[in-house]
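Position 219 (the sequence shown) corresponds to 219 in full-length UniProt numbering; numbering is contiguous.
Note that these hints are calculated values from the structure, not bench results. In this text, all values refer to a predicted model and were calculated from it rather than measured experimentally. Certain hints may be false.
Straight-line C-alpha distance at most 20 Å; calculated SDA-like pairs for lysine to any residue [what the hints assert, rightly or not]:
id	residue 1	residue 2
1	147	224
2	147	91
3	80	46
4	199	224
5	147	89
6	101	222
7	200	184
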Amino acid sequence: MDNYDQKLGIKAWAEADRPREKLLLHGRRQLTDAELIAILIGSGSRNETAVDLSKRILSFYNNDLAKVAKLSVKELSKFKGIGEAKAIAIVAALELGRRRKETEKEGPIKIMSSKDAYEVLKTELADLAHEEFWILVLNRANFVTSKHLISKGGQSGTIADPKIIFKVAIENNAANIVLAHNHPSGNLKASTADINLTKKMVQAGLLLEIPIYDHLIITDHSFLSMADESLM
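Start from the sequences and build out the full structure, keeping to the hints where you can.
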(Lines of atoms letter the chains of each structure in order from A; the text may use other names.)
(Lines give C-alpha, C1' and ligand atoms only; values in the text may rest on other atoms or scores of the structure.)
Protein backbone atom coordinates (compact mmCIF):
# COMPACT_ATOMS: atom_id res chain seq x y z
CA MET A 1 0.00 0.00 0.00
CA ASP A 2 2.88 2.37 0.74
CA ASN A 3 3.99 2.19 -2.88
CA TYR A 4 0.54 3.24 -4.09
CA ASP A 5 0.59 6.26 -1.82
CA GLN A 6 3.82 7.60 -3.27
CA LYS A 7 3.71 10.29 -5.95
CA LEU A 8 4.65 9.16 -9.42
CA GLY A 9 7.81 10.78 -10.73
CA ILE A 10 8.59 10.80 -14.44
CA LYS A 11 10.76 7.67 -14.17
CA ALA A 12 7.73 5.68 -13.00
CA TRP A 13 5.59 6.62 -16.00
CA ALA A 14 5.01 4.48 -19.05
CA GLU A 15 7.71 5.12 -21.66
CA ALA A 16 5.27 6.95 -23.93
CA ASP A 17 4.49 9.43 -21.14
CA ARG A 18 8.07 10.49 -20.44
CA PRO A 19 8.47 13.89 -22.08
CA ARG A 20 12.09 14.38 -20.94
CA GLU A 21 13.19 11.16 -22.61
CA LYS A 22 11.10 11.98 -25.68
CA LEU A 23 12.82 15.36 -25.99
CA LEU A 24 16.28 13.78 -25.70
CA LEU A 25 15.50 11.08 -28.25
CA HIS A 26 13.43 12.99 -30.79
CA GLY A 27 14.02 16.70 -30.18
CA ARG A 28 11.92 19.46 -28.68
CA ARG A 29 9.74 19.96 -31.75
CA GLN A 30 8.24 16.48 -31.36
CA LEU A 31 6.67 17.29 -28.00
CA THR A 32 3.12 18.55 -27.59
CA ASP A 33 2.37 21.72 -25.60
CA ALA A 34 1.18 19.54 -22.72
CA GLU A 35 4.42 17.53 -22.71
CA LEU A 36 6.55 20.68 -22.66
CA ILE A 37 4.57 22.07 -19.73
CA ALA A 38 4.85 18.67 -18.00
CA ILE A 39 8.63 18.98 -18.06
CA LEU A 40 8.29 22.30 -16.24
CA ILE A 41 5.90 20.76 -13.71
CA GLY A 42 8.25 17.83 -13.11
CA SER A 43 5.91 15.45 -11.27
CA GLY A 44 2.24 14.72 -10.92
CA SER A 45 0.33 13.01 -8.14
CA ARG A 46 -0.69 9.43 -7.48
CA ASN A 47 -3.89 10.08 -9.40
CA GLU A 48 -2.56 12.13 -12.31
CA THR A 49 0.69 12.35 -14.27
CA ALA A 50 2.27 15.71 -15.04
CA VAL A 51 1.23 15.29 -18.69
CA ASP A 52 -2.40 14.75 -17.71
CA LEU A 53 -2.26 17.73 -15.35
CA SER A 54 -0.85 19.86 -18.18
CA LYS A 55 -3.60 18.65 -20.52
CA ARG A 56 -6.19 19.61 -17.90
CA ILE A 57 -4.82 23.16 -17.65
CA LEU A 58 -4.63 23.59 -21.42
CA SER A 59 -8.10 22.13 -21.91
CA PHE A 60 -9.55 24.64 -19.43
CA TYR A 61 -8.29 27.41 -21.73
CA ASN A 62 -9.32 25.65 -24.97
CA ASN A 63 -5.70 24.67 -25.68
CA ASP A 64 -4.84 28.32 -26.25
CA LEU A 65 -1.26 28.99 -25.09
CA ALA A 66 -1.82 32.74 -25.45
CA LYS A 67 -4.44 32.53 -22.70
CA VAL A 68 -2.20 30.41 -20.49
CA ALA A 69 0.60 32.97 -20.99
CA LYS A 70 -1.63 35.63 -19.40
CA LEU A 71 -2.09 33.67 -16.16
CA SER A 72 -0.53 34.83 -12.92
CA VAL A 73 1.13 32.56 -10.36
CA LYS A 74 -1.97 32.89 -8.19
CA GLU A 75 -4.30 31.85 -11.02
CA LEU A 76 -2.20 28.81 -11.97
CA SER A 77 -1.99 27.75 -8.33
CA LYS A 78 -5.76 27.32 -8.28
CA PHE A 79 -5.35 24.10 -10.29
CA LYS A 80 -5.10 21.07 -8.05
CA GLY A 81 -1.56 19.74 -8.29
CA ILE A 82 0.03 23.11 -9.10
CA GLY A 83 1.83 24.66 -6.18
CA GLU A 84 3.56 28.01 -6.14
CA ALA A 85 6.93 26.64 -7.32
CA LYS A 86 5.39 24.88 -10.33
CA ALA A 87 3.31 27.93 -11.19
CA ILE A 88 6.40 30.14 -11.08
CA ALA A 89 8.25 27.76 -13.43
CA ILE A 90 5.42 27.89 -15.97
CA VAL A 91 5.08 31.69 -15.82
CA ALA A 92 8.85 32.14 -16.16
CA ALA A 93 9.11 29.81 -19.17
CA LEU A 94 6.25 31.49 -21.04
CA GLU A 95 7.75 34.91 -20.30
CA LEU A 96 11.07 33.77 -21.78
CA GLY A 97 9.21 32.73 -24.92
CA ARG A 98 7.64 36.17 -25.15
CA ARG A 99 11.00 37.89 -24.71
CA ARG A 100 12.58 35.71 -27.36
CA LYS A 101 10.03 36.97 -29.89
CA GLU A 102 10.91 40.51 -28.89
CA THR A 103 14.62 40.02 -29.63
CA GLU A 104 14.24 38.16 -32.93
CA LYS A 105 14.54 41.35 -35.01
CA GLU A 106 18.11 42.49 -35.38
CA GLY A 107 19.38 46.01 -35.91
CA PRO A 108 17.64 49.35 -35.36
CA ILE A 109 13.95 49.52 -36.18
CA LYS A 110 12.60 52.45 -38.17
CA ILE A 111 9.01 53.54 -37.62
CA MET A 112 7.41 54.31 -40.97
CA SER A 113 3.82 53.45 -40.09
CA SER A 114 1.52 52.61 -37.20
CA LYS A 115 2.04 48.92 -38.00
CA ASP A 116 5.78 49.30 -37.40
CA ALA A 117 5.13 50.82 -33.97
CA TYR A 118 2.63 48.08 -33.16
CA GLU A 119 5.15 45.36 -34.00
CA VAL A 120 7.63 46.87 -31.53
CA LEU A 121 5.10 47.32 -28.72
CA LYS A 122 2.81 44.31 -29.02
CA THR A 123 5.14 42.01 -27.08
CA GLU A 124 4.92 44.40 -24.13
CA LEU A 125 1.19 45.08 -24.19
CA ALA A 126 -0.45 41.88 -25.44
CA ASP A 127 -1.49 39.12 -23.01
CA LEU A 128 -1.92 41.45 -20.02
CA ALA A 129 -4.86 41.33 -17.62
CA HIS A 130 -4.31 44.97 -16.61
CA GLU A 131 -3.67 48.24 -18.45
CA GLU A 132 -0.19 49.65 -19.01
CA PHE A 133 1.00 52.86 -20.68
CA TRP A 134 4.25 52.85 -22.70
CA ILE A 135 6.15 55.23 -24.94
CA LEU A 136 8.52 54.61 -27.84
CA VAL A 137 11.38 57.08 -28.10
CA LEU A 138 12.44 57.89 -31.68
CA ASN A 139 15.40 59.82 -33.03
CA ARG A 140 15.18 62.38 -35.87
CA ALA A 141 15.31 59.62 -38.48
CA ASN A 142 12.41 57.84 -36.71
CA PHE A 143 14.54 54.92 -35.51
CA VAL A 144 13.52 53.46 -32.15
CA THR A 145 16.14 54.26 -29.53
CA SER A 146 14.27 52.97 -26.46
CA LYS A 147 10.87 52.08 -25.01
CA HIS A 148 9.61 52.83 -21.52
CA LEU A 149 6.83 51.70 -19.19
CA ILE A 150 5.15 54.84 -17.85
CA SER A 151 2.43 53.38 -15.63
CA LYS A 152 0.44 50.30 -14.64
CA GLY A 153 -3.23 50.24 -13.74
CA GLY A 154 -6.17 47.92 -13.30
CA GLN A 155 -8.43 46.20 -15.80
CA SER A 156 -10.28 49.38 -16.69
CA GLY A 157 -7.57 52.03 -16.86
CA THR A 158 -4.20 53.49 -15.95
CA ILE A 159 -2.92 56.99 -15.28
CA ALA A 160 -0.71 58.60 -17.92
CA ASP A 161 0.86 61.74 -16.47
CA PRO A 162 2.09 64.08 -19.27
CA LYS A 163 4.80 65.46 -16.95
CA ILE A 164 6.28 61.99 -16.47
CA ILE A 165 5.95 61.13 -20.16
CA PHE A 166 7.84 64.22 -21.33
CA LYS A 167 10.40 63.90 -18.52
CA VAL A 168 11.26 60.40 -19.80
CA ALA A 169 11.27 61.68 -23.39
CA ILE A 170 13.65 64.56 -22.59
CA GLU A 171 15.97 62.36 -20.51
CA ASN A 172 16.26 59.96 -23.47
CA ASN A 173 16.86 62.65 -26.11
CA ALA A 174 13.61 61.99 -27.95
CA ALA A 175 13.02 63.71 -31.27
CA ASN A 176 9.56 62.12 -31.57
CA ILE A 177 7.56 59.74 -29.39
CA VAL A 178 4.82 57.17 -29.85
CA LEU A 179 2.26 56.72 -27.08
CA ALA A 180 0.66 53.34 -26.45
CA HIS A 181 -1.61 51.60 -23.99
CA ASN A 182 -3.55 48.36 -24.00
CA HIS A 183 -7.20 47.44 -23.55
CA PRO A 184 -7.34 44.02 -21.82
CA SER A 185 -11.05 43.82 -22.70
CA GLY A 186 -10.22 43.61 -26.41
CA ASN A 187 -12.18 46.79 -27.16
CA LEU A 188 -10.37 48.80 -29.85
CA LYS A 189 -12.47 51.94 -29.51
CA ALA A 190 -10.71 55.07 -28.24
CA SER A 191 -12.48 56.48 -25.20
CA THR A 192 -13.18 60.18 -24.68
CA ALA A 193 -10.43 60.18 -22.05
CA ASP A 194 -7.99 58.61 -24.54
CA ILE A 195 -8.78 61.28 -27.14
CA ASN A 196 -8.58 64.18 -24.68
CA LEU A 197 -5.26 62.98 -23.25
CA THR A 198 -3.81 62.55 -26.72
CA LYS A 199 -4.82 66.04 -27.85
CA LYS A 200 -3.33 67.51 -24.66
CA MET A 201 -0.11 65.57 -25.29
CA VAL A 202 0.05 66.73 -28.91
CA GLN A 203 -0.18 70.38 -27.82
CA ALA A 204 2.46 69.91 -25.13
CA GLY A 205 4.72 68.13 -27.62
CA LEU A 206 4.54 71.07 -30.01
CA LEU A 207 5.63 73.46 -27.26
CA LEU A 208 8.53 71.21 -26.26
CA GLU A 209 9.43 70.41 -29.87
CA ILE A 210 8.88 66.69 -29.25
CA PRO A 211 6.07 65.75 -31.66
CA ILE A 212 3.70 62.88 -30.86
CA TYR A 213 3.98 60.51 -33.82
CA ASP A 214 0.99 58.35 -32.86
CA HIS A 215 -1.03 56.91 -29.99
CA LEU A 216 -1.78 53.18 -30.28
CA ILE A 217 -4.45 51.20 -28.47
CA ILE A 218 -3.34 47.57 -28.38
CA THR A 219 -5.26 44.37 -27.70
CA ASP A 220 -4.05 40.77 -27.75
CA HIS A 221 -4.50 40.41 -31.51
CA SER A 222 -4.86 43.87 -33.05
CA PHE A 223 -4.45 47.62 -32.60
CA LEU A 224 -5.95 51.01 -33.33
CA SER A 225 -3.86 53.96 -34.48
CA MET A 226 -5.31 57.28 -33.36
CA ALA A 227 -3.21 59.03 -36.01
CA ASP A 228 -4.60 56.81 -38.76
CA GLU A 229 -8.14 57.42 -37.48
CA SER A 230 -7.58 61.23 -37.34
CA LEU A 231 -8.27 61.30 -33.59
CA MET A 232 -5.24 63.41 -32.77
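Hint numbers contradicted by this structure: 2, 5 and 7
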